[in-house]
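Novice: Chain by chain, the residues:
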Amino acid sequence: MPVAFIGLLRKETIQFFRDRVILGLILWLYTIEVVICAMALSFDVENVPMAVVDQDRSVLSRTLLQKFALSESFVLKHQENDVSVAERHLTRGEVTTILVIPPGFERSVRAGNQAKVQFLQDGTDSNIAANSLYYAKGIVNAFVREQFPQSRDTNVVSVTRIWYNPQLTTANFMVLSMIALAGMMVGVIHPAASIVREKERGTIEQLLVTPISTLQLFLAKLTPTMIMGILSVFPSLLIVRAFDVPLRGSLALFLALTGVFLLSAIALGVLIASYSRTLQQALLLSFFGLFPVMFLSGTLTPVESMPVFLQALSYLSPLRYYMDIITGIFLKGAGWMELWDETLSLLAIAVPMLILALAVFRRRLK
Amino acid sequence: MNYRRMTALLTKETRELVRDPVTIVLAVIMPLIMLFLFGYAINLDVDELALGIYDQDNTPMSRMLVDRFASSPYFEIIEYSHSTHDLERSMQRSQIRAGIVIPSGFSRRVLRNQPAPVQVIIDGGYPVIARLGLAYIDAVVASFPKPQPDLVGVETRVWYNPSLSSITFVVPGLFAVILMAFPPLLTALAIVREKETGSVSQIYASPLHSSEYILGKLLPYASVAFLEILMVILVGFAWFKVPIAGSLPLLFFASLIYVFTTVGIGLLVSSIARTQLAAMLLTLIITLMPSFLFSGFLFPIFTMPFGLQLYSQLFPANYFMEVSRGILLKGLGIEAVLPNLLLLIIYTVVVFIFATWRMKQKVA
Numbered sequence: 001m002p003v004a005f006i007g008l009l010r011k012e013t014i015q016f017f018r019d020r021v022i023l024g025l026i027l028w029l030y031t032i033e034v035v036i037c038a039m040a041l042s043f044d045v046e047n048v049p050m051a052v053v054d055q056d057r058s059v060l061s062r063t064l065l066q067k068f069a070l071s072e073s074f075v076l077k078h079q080e081n082d083v084s085v086a087e088r089h090l091t092r093g094e095v096t097t098i099l100v101i102p103p104g105f106e107r108s109v110r111a112g113n114q115a116k117v118q119f120l121q122d123g124t125d126s127n128i129a130a131n132s133l134y135y136a137k138g139i140v141n142a143f144v145r146e147q148f149p150q151s152r153d154t155n156v157v158s159v160t161r162i163w164y165n166p167q168l169t170t171a172n173f174m175v176l177s178m179i180a181l182a183g184m185m186v187g188v189i190h191p192a193a194s195i196v197r198e199k200e201r202g203t204i205e206q207l208l209v210t211p212i213s214t215l216q217l218f219l220a221k222l223t224p225t226m227i228m229g230i231l232s233v234f235p236s237l238l239i240v241r242a243f244d245v246p247l248r249g250s251l252a253l254f255l256a257l258t259g260v261f262l263l264s265a266i267a268l269g270v271l272i273a274s275y276s277r278t279l280q281q282a283l284l285l286s287f288f289g290l291f292p293v294m295f296l297s298g299t300l301t302p303v304e305s306m307p308v309f310l311q312a313l314s315y316l317s318p319l320r321y322y323m324d325i326i327t328g329i330f331l332k333g334a335g336w337m338e339l340w341d342e343t344l345s346l347l348a349i350a351v352p353m354l355i356l357a358l359a360v361f362r363r364r365l366k
Numbered sequence: 001m002n003y004r005r006m007t008a009l010l011t012k013e014t015r016e017l018v019r020d021p022v023t024i025v026l027a028v029i030m031p032l033i034m035l036f037l038f039g040y041a042i043n044l045d046v047d048e049l050a051l052g053i054y055d056q057d058n059t060p061m062s063r064m065l066v067d068r069f070a071s072s073p074y075f076e077i078i079e080y081s082h083s084t085h086d087l088e089r090s091m092q093r094s095q096i097r098a099g100i101v102i103p104s105g106f107s108r109r110v111l112r113n114q115p116a117p118v119q120v121i122i123d124g125g126y127p128v129i130a131r132l133g134l135a136y137i138d139a140v141v142a143s144f145p146k147p148q149p150d151l152v153g154v155e156t157r158v159w160y161n162p163s164l165s166s167i168t169f170v171v172p173g174l175f176a177v178i179l180m181a182f183p184p185l186l187t188a189l190a191i192v193r194e195k196e197t198g199s200v201s202q203i204y205a206s207p208l209h210s211s212e213y214i215l216g217k218l219l220p221y222a223s224v225a226f227l228e229i230l231m232v233i234l235v236g237f238a239w240f241k242v243p244i245a246g247s248l249p250l251l252f253f254a255s256l257i258y259v260f261t262t263v264g265i266g267l268l269v270s271s272i273a274r275t276q277l278a279a280m281l282l283t284l285i286i287t288l289m290p291s292f293l294f295s296g297f298l299f300p301i302f303t304m305p306f307g308l309q310l311y312s313q314l315f316p317a318n319y320f321m322e323v324s325r326g327i328l329l330k331g332l333g334i335e336a337v338l339p340n341l342l343l344l345i346i347y348t349v350v351v352f353i354f355a356t357w358r359m360k361q362k363v364a
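If you read the sequences in order, they're chains A and B. Counted from 1, the first sequence has number 352 at position 352 by my numbering; the numbering is strictly sequential. Counted from 1, the second sequence has number 334 at position 334 by my numbering; the numbering is strictly sequential.
In case anyone wonders, no lab produced these hints; they're calculated from the structure. Some clues are possibly wrong.
[What the hints assert, rightly or not] Okay, derived cross-link-like pairs now, BS3-like style, lysine-lysine, Cα gap no bigger than 27 Å in a straight line:
{"no.": "1", "chain 1": "A", "residue 1": "Lys11", "chain 2": "A", "residue 2": "Lys199"}
{"no.": "2", "chain 1": "B", "residue 1": "Lys12", "chain 2": "B", "residue 2": "Lys241"}
{"no.": "3", "chain 1": "A", "residue 1": "Lys67", "chain 2": "A", "residue 2": "Lys116"}
{"no.": "4", "chain 1": "A", "residue 1": "Lys67", "chain 2": "A", "residue 2": "Lys77"}
{"no.": "5", "chain 1": "B", "residue 1": "Lys241", "chain 2": "B", "residue 2": "Lys360"}
{"no.": "6", "chain 1": "A", "residue 1": "Lys137", "chain 2": "A", "residue 2": "Lys77"}
{"no.": "7", "chain 1": "A", "residue 1": "Lys116", "chain 2": "B", "residue 2": "Lys146"}
{"no.": "8", "chain 1": "B", "residue 1": "Lys360", "chain 2": "A", "residue 2": "Lys199"}
{"no.": "9", "chain 1": "A", "residue 1": "Lys11", "chain 2": "B", "residue 2": "Lys195"}
{"no.": "10", "chain 1": "A", "residue 1": "Lys77", "chain 2": "A", "residue 2": "Lys116"}
{"no.": "11", "chain 1": "B", "residue 1": "Lys12", "chain 2": "B", "residue 2": "Lys146"}
{"no.": "12", "chain 1": "A", "residue 1": "Lys199", "chain 2": "B", "residue 2": "Lys195"}
{"no.": "13", "chain 1": "A", "residue 1": "Lys67", "chain 2": "A", "residue 2": "Lys137"}
{"no.": "14", "chain 1": "B", "residue 1": "Lys146", "chain 2": "A", "residue 2": "Lys137"}
{"no.": "15", "chain 1": "A", "residue 1": "Lys137", "chain 2": "A", "residue 2": "Lys116"}
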């Protein structure tokens, strides 16, 4: 390895570690952001604020209300006698669901006639609305099964086993997906910023007149991000521990595949840097590239729920494969045998992108 | 305030902005990309859940149950396995999300009216999918072999968004996010760049007042921001057919206030940060991330722990989200959105006072 390259590498590393702000941000993304998001963000239908109007006022109707009050999904905020009062709570956004139990409810259930309960749902947040209606129905069904076991004449029941995450805690998933997202953001933004900064200050010309080849320059720009990207996984591992997320697979495999994933992110960063003149442009372009990659990856919303053409596009997002890898290794104990096709797909994205990035980097600098 | 001096600065800023077509084009196109991406991608419904089936019974009865799954729009049968081990492998490789094992003797038990368990294995790695998936599977199993009449029927009425379409919910929220994403960033970078290149000391040396400087700097970016919101409304209305239940002028008025909140935050950031990179990171952490994650845009605030609910109140995107969803979806009038509007106005004024004060310290 030529001396010039080693010197350049040293310069890049020193520059990298001298920039406190950048280091601070990277650490923030890998630690505090992960904690905040894992604690706060969930699509679970929990604590949905609810108003109830019990017009029946019978033992049975109170039992049903009790079921809702005890469920994790709903919180009884208001109990009203009048539907219109409850509706006012809905309009003001204090509650998002109203349960109305009409008069004569108990009588008709006991008589074996079909009785009705009514749900009024604020549909503004369509996801919450759909899910809370679904859970509400589940609670009503469970209530009927419990109170009137003889009413069912089927014996087919499902016995459920939940693998990998038996309590179905969202935090497990969020922690892992935030770590993946942090890797993506740092991997793209950092090389982009460090190249564009040299362009803006004009120091890139000085580097070009030295005997360093563009390939060496390219490698020197890429190495610190790579090292940092892999090192910053370690503080996150502590958080992973703190949230009781298991690491069932091999840590070495995880680090190796993180490296492959970072390559694709860095390639995107270099591409962006090659096309932008100012930091402002580079940052905007990074967002431009990051948003689709992030949103088509299944880190925030499931890929299965997307329309077909977006699902097809999601195969282009390296984050999608990385997400499968990271959940696979941590939660499912997947090893090399299970993950080779994800790895190949990652490589199939990373390698051409790197070659392209190098080519563009070369051409735009000349 | 001197009108002539301010317009001179305004002209300079506008020219600088126009001379950088990449930034302008990106600033205008990004919101549209986000709109399309979110409009189509944010959907937590599960359809076509990837299923693996291991039918040990292999009788007409068990095949009938398999058919129920096959014909339901909620499931897609990816594979028919021949051992639990195969199911396990496919689940580890994320090819299937759930596995169903119909044990041998299933048919006999059903016909003899004995309890006939069906084993369901679900991938808990993605909790959202797992919960809904379980509920859907339960529903299919419970109505087998024949649907049960409900003793207690459930009647639902959905207000404001009866078709439960996610786009109607995403678009009004997106206004709040987009305006928090770009205008503060652009404003902050524009001012900090002058600090970095040193041209800001020329401004300090000129007779320009800090208020003139601020207005001259902000107005071009405020217009870009307003352009962004117009476009999102237009496309949301024309392409995604988002209903407008309330008054459009009221929404524009509220947007105008919010635009000033956002550029005000950009100004505040620029008065704190010394380098463009620092400015960008700071805006990322105090505007983009929270407006996205802690505004109720995607993740409902009521499910957050109490401390983080308070944290989410620190960011103005929250207030504007309520206003724009209130006006567009619920058709609320001025009196209903007034509390949130007032909060926004107070927030903006405080941000401006603080930023101007910091600027003045430097100019003087």
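Novice: Determine for every hint whether it applies to the structure shown.
Specialist: Going down the list of hints, with the structure as the test:
{"no.": "1", "hint": "A:Lys11 with A:Lys199", "in the structure": "16 Å, holds"}
{"no.": "2", "hint": "B:Lys12 with B:Lys241", "in the structure": "39 Å, violated"}
{"no.": "3", "hint": "A:Lys67 with A:Lys116", "in the structure": "16 Å, holds"}
{"no.": "4", "hint": "A:Lys67 with A:Lys77", "in the structure": "14 Å, holds"}
{"no.": "5", "hint": "B:Lys241 with B:Lys360", "in the structure": "47 Å, violated"}
{"no.": "6", "hint": "A:Lys137 with A:Lys77", "in the structure": "19 Å, holds"}
{"no.": "7", "hint": "A:Lys116 with B:Lys146", "in the structure": "22 Å, holds"}
{"no.": "8", "hint": "B:Lys360 with A:Lys199", "in the structure": "32 Å, violated"}
{"no.": "9", "hint": "A:Lys11 with B:Lys195", "in the structure": "25 Å, holds"}
{"no.": "10", "hint": "A:Lys77 with A:Lys116", "in the structure": "22 Å, holds"}
{"no.": "11", "hint": "B:Lys12 with B:Lys146", "in the structure": "75 Å, violated"}
{"no.": "12", "hint": "A:Lys199 with B:Lys195", "in the structure": "18 Å, holds"}
{"no.": "13", "hint": "A:Lys67 with A:Lys137", "in the structure": "12 Å, holds"}
{"no.": "14", "hint": "B:Lys146 with A:Lys137", "in the structure": "19 Å, holds"}
{"no.": "15", "hint": "A:Lys137 with A:Lys116", "in the structure": "12 Å, holds"}
Checked against the numbered hints given earlier, this structure breaks hints 2, 5, 8 and 11; the rest are met.
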